[in-house]
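Q: Model the full structure from these sequences, guided by the hints.
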Amino acid sequence: MKAKTLSWREAWNGRGLFETRELVTIGLFSAAAKAASLTLALVGGGMNPLTLVLKSAVQSALVVVLLAKVPKTGTLTLSNAVGMLLSFLLMGQHVISLPAVLLGTVAVEALAWLAGGLARRPWLAIPMVAASELVVRLINVGVSYLGVREQPGLLAMVIVVSAFSYLGILLGLAGGVKMAKELRHAGLIQD
Amino acid sequence: MRALSRIEGLRGASRLDLRAETRLLMTVAASVSSLAISEPQALALLLSFSALYAVIEIKPKTLLIAYLFMGVMCAVALFCVWAMGFVFPIMRNSPMSMAISPFLRLGVTMNAILPLALNSRLTDLATALGRLRLPGIVRLPLMVTIRFIPTILNDLVQLREAVGIRFRGRKGFLFWLRRPLTWWRVFFQPLIVRLIRSADELAMAAELKGLEPGTDFGRAPRPFSARDRATMLLAALAVALSGLTQIVVGSAF
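Chains as they are written, first to last, in numbering that gives the first Met the number 0: chain A, 0 to 190; chain B, 0 to 252.
Hints are computed from structural coordinates only; laboratory data are not their basis. There could be a bad hint or two in this list.
To be verified - Where chain A lies over chain B, by a calculated footprint (3+ residues, C-beta under 8 Å):
#	segment
1	74-80
2	182-195
3	200-208
Keep in mind that this is a model prediction, so the values were computed, not measured. Each residue gets a CB set at the ideal place from its N, CA and C atoms; glycine is no exception.
A: In structure tokens form, the structure reads like this:
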């Protein structure tokens, strides 16, 4: 049977890359990450190290479970893009870093694809999330340097905050893997 | 929930009633131009223009709280840098006139972000999304995210109440600090299970309704008003003037 040629509009909209249910799942997980970080920031105060670690742990665990639920190349990029665009729309954040972060995440996904892809090797979710979050933090530190270049000492604080939040990411990875296992066992995530 | 209602109290009726796209554009212009400019005089000029925009758009009480918060943060940051100067003498070398640039930059960005964060409604943002011509695979999850944040916040409140019943009288901060794994099990795991069930139900409903990547959402956008155009023109003028000051005062970055 001859394959249907996509129009430029269908190609731009990503027809055939993701199904509607997968996109809805990605959207819901992004909403959960945003709602959880908002709640934790309001309850614990945004700038204390404990809240910072906890927020990042919840965020990375959510991404690991999402990658178990939608194990496709592009899920991580799409999830990052949605999260960052939402921050941009609601708070004007990530104006400068958005393109660089997306490029970094695409590179991480490309490496994972070369290593066999998420569908065949689900454990790749762990290095993918760890690497993409590291890229995000490095780019954020770089952008922060542009903002404080006249007083480089201030960058030390940015680095400390990024380090705490990355520690949370690493802790959340363990929680996410355990959670994904339990959800598979419960039949809520299909292999 | 109390904290959320406190945020609601900070919102105020926007005097300019700008479109969400105009506010987004103002935020982008403030972020990019404040990063490109490095001379304190040029940044001070940009800060005064952005402060004028914030004063018109934001309730004075909200603006005062934001400036007080920023002042405290800047004081803490300066203290840390001063203290680190004793350990690393190289940090004491930057002249005071240049040292204030990061804080001026922070002020410019804050003045532009506050109207966007406090005065934009979710429906306006949904309409703006349609105008941004994003690919359908980004627009659909983004719309789901925007629509479901309040629902998930409500779920979190219900979870907190359920935990309150389960751990009656022992739910203080220290109790959870000593039991992070219990916190994870009683807060995070029910949230994930609820999320996965909601995702399945919502996806089925979306597919049955024929929703797919590329479907248009939101209302028809209202046209740009004279106020929108005047605001954008003044913003362009402010950026140009600050750029000119940067060139005149010192070397451009």
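Q: So, for every hint listed, does it hold in this structure?
A: The hints, checked one at a time:
1. 74-80: This one holds; 3 residues, not fewer than the three required, reach chain A with a Cβ under 8 Å.
2. 182-195: It holds, with 8 qualifying residues against the three required.
3. 200-208: holds (count 5)
Taken one by one, the earlier hints all hold for this structure without exception.
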